[in-house]
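Novice: Since the structure of chain P is provided, determine the placement of chain D on it from the hints.
Okay, here's what each chain looks like letter by letter:
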Amino acid sequence: MPHGPDHGVADMKMLIQQIISGLSIGAIYSLLAVGYALVYSVYNFTNWAFDGFMAFGAFMGFTAIISLVMPFWLAGIFSIALTISLSVTVETLAYRPLRQRNAPRLFMMISAMGVNLAIVNTINKVYGGAFQKFPVHYVKPYFIGKISIGRMDLMAAIISFGLLLLVWLFLFRTKLGLGIRMSAVDVLTSSLMGINNNVVAVTIFGITGVLSSVAGVFFGIKYAVFPVMGMVTIKAMIASIVGGLGSLPGAVLGSMLLGVLETIVAGYVSSNYRDLFSFLVLIIILLFYPNGLMGKRVEEKL
Amino acid sequence: MGYIQLVLILGGIGLIATLGVAILTGYTGLFSIGHAGFMALGGYAAAILVKEFHVPMLLAILAGGAFAGLCSPIIGYPAFRSRLRGDYFAIATLGFAEAVRIVLNNVRTIGSIELGGAFGYMDLPTLDTLGWIPPWATVTVAALVCLYFSHQFVTSQRGKNCFAVGQDEVAAEMMGVDLLRTKLLALFVSACLAGIAGALLGFYFGYLSPSFFTLTRSSDLLAGVVFGGMQSLIGPTITSLILIVVPQLLLQFAEYRLIVYGLLFVIVMIFRPQGLFGHVEMNLGFLRRLWKPARATGK
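Sequence order for the protein chains is P and D.
If you're matching positions, the first sequence starts at 1 in the numbering used here and goes up one per residue.
If you're matching positions, the second sequence starts at 303 in the numbering used here and goes up one per residue.
This is chain P alone, in the form it adopts within the complex (with noise of 0.2 Å):
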């Protein structure tokens, strides 16, 4: 163990190399959670398809870039295309029918738990269950000072950032937004008020995809493409339980401080336990703070 000063400075470099990457996965874990969070808040229900959306996101960039040798910007727009329709047609096929029959929530958990073991079996028939290196070679990092800036980090983050700022914009300076925020409240009373529920369910589903498909893209290049790369989700699950249920702004706070933590975790400790140690997490807030750091306390309704 070296002593002196340049042991203090070279443990201070470490740690915030390690709260810059925890902030770049943070960024990564806040768009699934808003996503999540747009259509708990809507339907009430967890939309466990999530994860496989965002693998079918990662592998179809994949796919653009290795088979039809596109550049990284088509790619990612190819991605988010084909993740919009199929969130869009998994909504249509799956959900909108137990909706309109009014039928209990586990129904509807069952049914996206059902898309969700087929997306992620028919990409591991199609793709194998290796893991993939995403082929993107923005590799040189950004130095400030002596502390590394992934390129890839900090174009997840400003991608991130920028696409939950056109979220927020769309739901409070918009006409549709205003709409799905009503919905949010009450679906029925905001249908009877003119609002078209299939409009905003659609609206609420290709933002979805749009967001775990971007989730996807940026998941795989830190780490790489797998079937089963959506459990990450589950990461983002308890980013909104600490958060705050429904509660956007919750959601991104949970995410960056879950992403730092748990890579302080992996860098101090051991990466076996990072997982661990966000499950751990989620106890210790459900004890707490039941309603997380931002959530406001939520009556059942009758």
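Not one of these hints is a red herring.
List time: in silico SDA-like cross-link candidates among lysine to any residue, alpha-carbon distance up to 20 Å:
no., chain 1, residue 1, chain 2, residue 2
1, P, K125, D, T516
2, P, K125, D, L565
3, D, K353, D, G413
4, P, K125, D, F555
5, P, K125, D, T518
6, P, K133, P, F78
Computed beta-carbon distance windows for the label pairs:
no., chain 1, residue 1, chain 2, residue 2, range
7, D, K462, P, I66, 56 to 66 Å
8, D, L553, P, N44, 37 to 47 Å
9, D, L553, P, S270, 35 to 45 Å
10, P, V126, D, G508, 32 to 42 Å
11, D, L360, P, L93, 47 to 57 Å
12, P, L165, D, V447, 55 to 65 Å
13, D, D470, P, L192, 22 to 32 Å
The hints are simulated quantities; they were obtained by calculation from the structure and are not laboratory data.
If you're wondering where the values come from, they're calculated on a predicted model, not measured in any experiment.
For every residue, glycine included, the Cβ atom is placed at its ideal position computed from N, Cα and C.
Specialist: Chain D only, in chain P's frame:
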């Protein structure tokens, strides 16, 4: 005969775990996608008891179930107390199962016990060592006992409380059902059954590996309940046997199994949400009907 024995053993083990999911998801309306975690806990606990402490195997199987049950409040209490919606309980179960698997994957030894981490816990005594009872008979008897016990549970007052909570939490609470206690009980019973199944699995194969207890296993269990029918024990019983036999027959399509399950989930939910045998309760009424006319004619 070997094949039938295999179906009885794997089907019986699957059935016991499926009954656990049926009680929790079918009756109490709590969506679990992490029952593999409870199976793993029960399996490893029972295996350690037999291998390291030389506890009799049958006792160890029960102890494995009890251990899984006792671990269940770790997720149950925080999730139920905070009155999170069902979805978040599902996340907690998924996270729990993953956490158990990660720990088992990375822990090589506890004290002097060689758990083997990702390689698996090797050289366990098998069900054959029980003596003159063949393994398939052991598992079949265990499955029947569990089925009987589950039936007793869901028809008891506590089981009816679970059913009420599954139907409508608010209404159940207004009728004086203690939500927290009822849900914890359902989870406890469910985890015990899963633990017993995990223990039997370990003693059948003679070793245990964290890879036995992945999300796929949890999905399979859920499939048994969804296809068989909510609020039914006989439905999941039949489907869990079918789900063991059919993939064996269609081995060349094995890779498509989960894709088909997934699509079937959606189709069942849309067109027949009660499942194959929803609301049909296990009873021996048909025997009584066979018996009654006979008595009538004899009169």
